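The task is simple: from the sequences and hints, build the whole structure.
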Amino acid sequence: MKTQKVWFITGASRGFGLEIARAALAAGNQVVATVRSQSAQLASILHSHPDLYVVQMDVTQEDQVQEAVKQGIARFGRVDVLVNNAGFGMVTAIEEATDAEVRKQYDTNVFGLLNVTRAVLPYLRQQKSGRVINITSLFGYDTVPGWGLYGSTKFAVEGLSKGLAVELAPLGIHVTAVAPGLFSTDFLSAESYVAAKTIIDDYQETVGPMRNGADVLHGQQPGDPKKFAQVIIRLANTERPPLHLPVGKDTIAMYQNNAAKMAQEIQAWLPVATSTDHDHRVAALTIA
1 MKTQKVWFIT
11 GASRGFGLEI
21 ARAALAAGNQ
31 VVATVRSQSA
41 QLASILHSHP
51 DLYVVQMDVT
61 QEDQVQEAVK
71 QGIARFGRVD
81 VLVNNAGFGM
91 VTAIEEATDA
101 EVRKQYDTNV
111 FGLLNVTRAV
121 LPYLRQQKSG
131 RVINITSLFG
141 YDTVPGWGLY
151 GSTKFAVEGL
161 SKGLAVELAP
171 LGIHVTAVAP
181 GLFSTDFLSA
191 ESYVAAKTII
201 DDYQETVGPM
211 RNGADVLHGQ
221 QPGDPKKFAQ
231 VIIRLANTER
241 PPLHLPVGKD
251 TIAMYQNNAA
261 KMAQEIQAWL
271 PVATSTDHDH
281 RVAALTIA
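Going by the working numbering, the sequence shown opens with residue 1, and the numbers climb by one from there.
Keep in mind the hints are simulated off the structure, nothing from the lab.
Accuracy of the hints is not assured; some may be wrong.
Unchecked claim - Straight-line distance between alpha carbons at most 20 Å, and here's what the computed EDC-like set of lysine to aspartate or glutamate pairs gives:
{"#": "1", "residue 1": "K70", "residue 2": "D51"}
{"#": "2", "residue 1": "K197", "residue 2": "E62"}
{"#": "3", "residue 1": "K70", "residue 2": "D80"}
{"#": "4", "residue 1": "K70", "residue 2": "D58"}
{"#": "5", "residue 1": "K162", "residue 2": "D142"}
{"#": "6", "residue 1": "K197", "residue 2": "D58"}
{"#": "7", "residue 1": "K128", "residue 2": "E167"}
{"#": "8", "residue 1": "K104", "residue 2": "D58"}
{"#": "9", "residue 1": "K249", "residue 2": "E158"}
{"#": "10", "residue 1": "K128", "residue 2": "D80"}
{"#": "11", "residue 1": "K104", "residue 2": "D51"}
{"#": "12", "residue 1": "K227", "residue 2": "D250"}
{"#": "13", "residue 1": "K197", "residue 2": "D99"}
As the list claims (entries may be wrong) - Beta-carbon label-pair distances, calculated as ranges:
{"#": "14", "residue 1": "A74", "residue 2": "D201", "range": "21 to 27 Å"}
{"#": "15", "residue 1": "N257", "residue 2": "Q38", "range": "52 to 58 Å"}
{"#": "16", "residue 1": "D201", "residue 2": "Q66", "range": "30 to 36 Å"}
{"#": "17", "residue 1": "Q267", "residue 2": "A100", "range": "37 to 43 Å"}
{"#": "18", "residue 1": "D202", "residue 2": "A100", "range": "21 to 27 Å"}
{"#": "19", "residue 1": "Q267", "residue 2": "S37", "range": "28 to 34 Å"}
{"#": "20", "residue 1": "E67", "residue 2": "D277", "range": "16 to 22 Å"}
No experiment lies behind these values; they were computed from the predicted model shown.
Note that beta-carbon positions come from the ideal geometry of N, C-alpha and C, so glycine has one too.
Shown next as structure tokens:
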């Protein structure tokens with residue numbers, strides 16, 4: 001028999017966040033769904049479900065995050081599953097992006113995630129239980145031209161997830177970084193990703209096709225977001241969830257190709273990479 005859980009889901013207005021909220025409610029859970037605006041619209045989409053509580057919150061505003069978490073706790077008494085889903089994409093060559101554009105990307109995708117995680121963890125630690133599910137990306141395993149900056153934020157979340165996992169495991173809290181591939185959400189719609197204002201002609205051959213092709217690909221992605229949501233439901237109810245979960249054949253291929261390339265590079269440079277120890281000195285530190 002499944003126990004009812006309280007979910008806290010960021011970026012729930014559309015895409016993965018909306019589908020996860022819908023699936024969690026259908027599975028008999030209570031859901032705190034956060035949106036940056038138009039909270040009444042989300043409540044209407046989800047038919048004002050009695051187990052739904054919609055909170056307006058911008059993940060980049062720490063005071064709003066703290067208040068939203070307090071409101072969710074006041075409504076349902078606890079949080080069991082945190083889904084850090086809020087984020088956006090940016091198509092740009094890394095050189096093209098201004099400092100302000102880079103900071104905005106990181107403020108939402110990385111520092112915003114940290115804001116929410118810091119706000120929720122005290123409650124999970126007090127309970128000695130809970131799940132943190134961080135939505136990353138196939139671009140958190142490898143990159144393609146034009147998505148390197150966005151991918152770097154997902155690499156960061158993968159690393160943060162690993163650190164959180166080892167720190168929180170003794171406290172009964174599980175962490176999973178879920179890396180979806182291309183799914184037919186609104187991610188590639190003009191409203192969901194941005195392009196850098198600066199365009200450098202030298203990057204036309206590499207980044208140009210991504211700038212011109214994102215809208216064309218929108219709606220043609222292979223992944224079904226409803227099926228992705230069911231994966232998240234299953235993950236939240238698994239006794240021993242994985243730390244890393246690539247989802248989608250394209251993500252698996254991205255991971256496998258990157259792992260193979262890295263292994264080949266390391267092997268080719270192994271004599272150089274292992275040539276830097278002091279002569280006749282025994283290593284004093286071993287990292288498990």
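Next item on the list: Quick one: which hint numbers does this structure break? Sort them smallest to largest.
Entry: Violated: hints 2, 6, 11, 14, 15, 16, 19, 20.
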